[in-house]
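Residue-level listing of the chains:
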Amino acid sequence: MKNSSRRGFMGKAFGAVAGVGAVASLYAMKKSWDPLPSVKAAGFTTLDMSAYKDNELVTEKWRGKPIFVLKYTPEMIASMTEKQKGRSIKIGDSYYLVNLGLCTHLGCIPGYNPDEKSFLCACHGGQYDFSGDVTKAPPPRGLDIPPFKIDGMKLVLGEEGPEYKKMKESGVTL
Amino acid sequence: MKNKEPLILAVVVAFTLITYYLVEPFAHSQMHKHFESEGFAYKDLPALTQKGDAARGKELVTGAAACTGCHAISKEGFAAAMDPATAAASYGVNPPDLSNAGAVYSENFLADLIVNPAHALKVEHKFDINKGQMHPMVPFYGAGGDINQEVADIIAYLKSIAVKGEALTPEIAYETACGRCHANHYAGWTQIGEKPHFKRKQDELTFEMNLANYQDALTKYMGKLPPDLSIYIRSRGEHYIKTFVENPQNYLPGTAMPRVGVNPEAAEKVIEYLEDSGDAKRHERESVGYKVMVFMLIFAVFAFLWKKEVWRDLH
Amino acid sequence: MAHFTKATSVHDWLNQRLGIDTVRRVMATEYWIPKNINFLWAMGMVLAITFGLLLVSGIFLLMYYQPNVATAFDSVNYTIMKEVEFGWLWRHIHGVAASVVFLIIYIHMFTGIYYGSYKKGREMIWISGMLLFVAFSAEAFSGYMLPWGQMSYWAGMVITNLFAGGSLHADGLVEWIRGDYVPAQAFLNRFFMLHVLLIPLAILGLIGLHFGALRIPHVNNQDGEEIDFDAESKKYLAGDKAGSKVIRFANDFMSKDMMVVGIYLVFFFYLVFFHYDFAMDPVNFDPADGLKTPAHIYPEWYFLWSYEILRPFSTDVGLMAFGFAQVIFMLLPFLDRSPNALPASRRGLFKFWFWAMLIDMIVLTAMGKVPPIEPFGTIGFYAALTFISLWILLPIITMFEKKV
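Protein chains in written order, with the numbering used here: chain A, 1 to 174; chain B, 175 to 489; chain C, 490 to 893.
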């Protein structure tokens, strides 16, 4: 009896060793699925913020997704509420909306109406104000803000600067 | 019953090793010439005996010897007279920037090169003065004094401005010694420098056009476009590259590739550059390799113990 | 209709539906293997493990490989080797396993020849095994095309040219195989398809057939002894494990298999990490160039013996000799006329035939790689003649073999 339990032990021990090898190879397999370094390196987009015109929506591309950039007019700046200001990015003396251009409801791309200074998502009728804050359901929250870092008059998308971290902490964006 | 397994194993291993020996070391010894490295000493060239004066050398390089007429020394503020493509169109090849020549090339090689380029470069079969074929680099005929002393001064100057010791990076070594003829697209290098990231299509096309023109001139000069060296470390191996660079005529008699004259330290840096471009994961391969080997040994030991347990009752 | 009862455990639930106990019994615990065997009998398991390594590493290479003449080379040598995490590992495992699998196949084959394991009801094991050899050869060749280096291109050129049939000038057939006048995009694409789908499917099917063919005649043993598997297995089950001539496949035989596999994997991974050039030819790290043949071209080592049978003769004779070499091993069970199914050491002249064949194939292998200069040309020529002569002699010497 003693013998057979010891035999069972060796079989289990061998199985355990083989299992360790299998798990280690799973690690290598997992890493092989990771995005390539070239993909990650391309995950940063630098925008020259001095090139944008007042109240003219420009759609940039970052990590394959549309990014809305809107420079506010002086009137828009004057009319900003605290909440809208909290969602906007100040570069130099200007304020900008820099948002992920995908409706937070189901991911359609909303359109901008410069006269009304608001966004309308044609898919399910969601609306946002010029700062990207939701004004009409179904979207559950305002447009998301991509990670950004302010670098003089330039904005680097993909890096997390202190302004972005503050927005994230205060719950302005996810 | 006698256990025949050790004998059988010995037979299997012996036949395997014989076959391996025949198809690998033996066959390759029959296919390729073998040369031993001479450690980048260039023993056919006399050693530099005189001590140079860098200040005198500077006067010569920028004055009497007129090096800066063709060569840039960007470190010292001497810009190239022409852009690479134009220079290649006029000379066949872009005259090298001498900023780090003192760190990359051997002294005795430089000394010979300055007074007799085709000899130092071992391309006299291509540039035979008797047939009126001049090497594009004009030899230095002396500035009126002791020419050997003057050459020593020039070299002292080149060494004084060049990077020292560990500041000689693989990039500097490769770009100085190889990069004007050999692209390395796995490292992002073209013969006219690293290709920048262009935003405008026109700028990119202009760059491509310059590169194509440069390569055309180079092809005319060398007879064929020198190969891209991206993974030469895997296709040729370190030993071949080193002995080839020491004297290209060894392997390819009559080749247009000049002897490059790199010193031992620069040669190591060039190899490191080629390893980084063509065998980037070599360190990871080794460290993972040792771990896997240790694991497999443990695996084999446990398999053996398991077998022993299971078979105890069977015998 | 089957009657199902409320399951008492997950095991019982599965057992009622899938009969896992029966499967386990039939496939493992009461699949009887002779006890009188040596480590050479573990080569089947070693091959299965190596095939598994090829399959897994291949899956990861397939995720990043691009079958396009413009990008294939860089997708392998840049993307997989430099960019993908552990991409180099998959490639090294794949390349080394592709070479080592043939070493094991040859050991497995010569084990079968030595112990007469292709005779007396085991013919289908041999034939299905040889079909696997052909399928593995095709798999190796098609895979060799994919990195699209110099050796890929020129091997593709030379091997497809064989199909012109020498003086038959079947150039149309060659172009049909390539889908072009030279190996180009269509060629690369179709060989990619063959390598990752059609031939692997055939291999999986043939492995099934090979295992199935073992079932009825059972595994041979070291002395060619005919074993009464029913009686011996009863003895085992009755508790006389030491006296029985048979053992269970699992765990008895399996534990020995795993011991051999363990030792093999140490050797295998040593090659993968520290000694891979023999399997990943440096010349193939030069991109394909249709206007420049490498100074020396040669197939991978496992094809050298048949390549050398082609080389010393004029085109037509060479092709015929090559064709002969490709099919002749398949016919071994029928060319061996001896009534004995015994180890070669106990079979008179066949003993000498076996060692002569083995050594001759090694000589052919060596001569297939060296440049075709003297004295290698002459040695290769006589080795090729010896190969053909040995096969012609085989039926004659075995016919006169006395029944032992």
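Don't read these hints as lab results, they were simulated from the structure.
Ideal placement from N, C-alpha and C gives every residue a C-beta, glycine not left out.
Mixed in with the good hints there might be a few duds.
[As the list claims (entries may be wrong)] Okay, derived cross-link-like pairs now, DSBU-like style, lysine-lysine, Cα gap no bigger than 30 Å in a straight line:
1. B/Lys300 x B/Lys398
2. A/Lys40 x A/Lys30
3. C/Lys781 x B/Lys178
4. B/Lys300 x C/Lys781
5. B/Lys178 x A/Lys40
6. B/Lys394 x C/Lys840
7. A/Lys31 x A/Lys85
8. C/Lys840 x B/Lys178
9. A/Lys12 x C/Lys730
10. C/Lys840 x B/Lys482
11. C/Lys495 x B/Lys369
12. A/Lys149 x B/Lys178
13. B/Lys375 x A/Lys31
14. A/Lys40 x B/Lys455
15. A/Lys149 x B/Lys217
16. A/Lys149 x B/Lys373
17. A/Lys12 x B/Lys465
18. B/Lys375 x A/Lys53
19. B/Lys217 x A/Lys61
20. B/Lys217 x B/Lys232
21. A/Lys31 x A/Lys90
22. A/Lys12 x A/Lys61
23. A/Lys40 x B/Lys482
24. A/Lys65 x B/Lys232
[Stated by the list, open to error] Listing some non-contacts, in silico: residues in chain A with all C-beta distances to chain B over 12 Å:
25. Met10
26. Gly11
27. Phe14
28. Val17
29. Ala24
30. Tyr52
31. Lys53
32. Asn55
33. Asp93
34. Leu106
35. Pro162
36. Thr173
[What the hints assert, rightly or not] Restraint ranges, calculated between C-beta atoms of paired labels, are given here:
37. A/Val23 x B/Asp257: 53 to 59 Å
38. A/Trp33 x B/Gly251: 48 to 54 Å
39. C/Gly508 x A/Gly171: 37 to 43 Å
40. B/Phe372 x A/Gly171: 36 to 42 Å
Structure-based check of each hint:
no. : hint                            : verdict
1   : B/Lys300 x B/Lys398             : 14 Å, holds
2   : A/Lys40 x A/Lys30               : 17 Å, holds
3   : C/Lys781 x B/Lys178             : 52 Å, violated
4   : B/Lys300 x C/Lys781             : 23 Å, holds
5   : B/Lys178 x A/Lys40              : 58 Å, violated
6   : B/Lys394 x C/Lys840             : 65 Å, violated
7   : A/Lys31 x A/Lys85               : 41 Å, violated
8   : C/Lys840 x B/Lys178             : 17 Å, holds
9   : A/Lys12 x C/Lys730              : 22 Å, holds
10  : C/Lys840 x B/Lys482             : 33 Å, violated
11  : C/Lys495 x B/Lys369             : 72 Å, violated
12  : A/Lys149 x B/Lys178             : 73 Å, violated
13  : B/Lys375 x A/Lys31              : 35 Å, violated
14  : A/Lys40 x B/Lys455              : 19 Å, holds
15  : A/Lys149 x B/Lys217             : 58 Å, violated
16  : A/Lys149 x B/Lys373             : 21 Å, holds
17  : A/Lys12 x B/Lys465              : 23 Å, holds
18  : B/Lys375 x A/Lys53              : 24 Å, holds
19  : B/Lys217 x A/Lys61              : 60 Å, violated
20  : B/Lys217 x B/Lys232             : 28 Å, holds
21  : A/Lys31 x A/Lys90               : 39 Å, violated
22  : A/Lys12 x A/Lys61               : 54 Å, violated
23  : A/Lys40 x B/Lys482              : 51 Å, violated
24  : A/Lys65 x B/Lys232              : 57 Å, violated
25  : Met10                           : 4 Å, violated
26  : Gly11                           : 6 Å, violated
27  : Phe14                           : 4 Å, violated
28  : Val17                           : 5 Å, violated
29  : Ala24                           : 7 Å, violated
30  : Tyr52                           : 16 Å, holds
31  : Lys53                           : 19 Å, holds
32  : Asn55                           : 25 Å, holds
33  : Asp93                           : 26 Å, holds
34  : Leu106                          : 34 Å, holds
35  : Pro162                          : 27 Å, holds
36  : Thr173                          : 29 Å, holds
37  : A/Val23 x B/Asp257: 53 to 59 Å  : 57 Å, holds
38  : A/Trp33 x B/Gly251: 48 to 54 Å  : 51 Å, holds
39  : C/Gly508 x A/Gly171: 37 to 43 Å : 58 Å, violated
40  : B/Phe372 x A/Gly171: 36 to 42 Å : 40 Å, holds
The structure fails hints 3, 5, 6, 7, 10, 11, 12, 13, 15, 19, 21, 22, 23, 24, 25, 26, 27, 28, 29, 39 (numbered hints given earlier, in ascending order).
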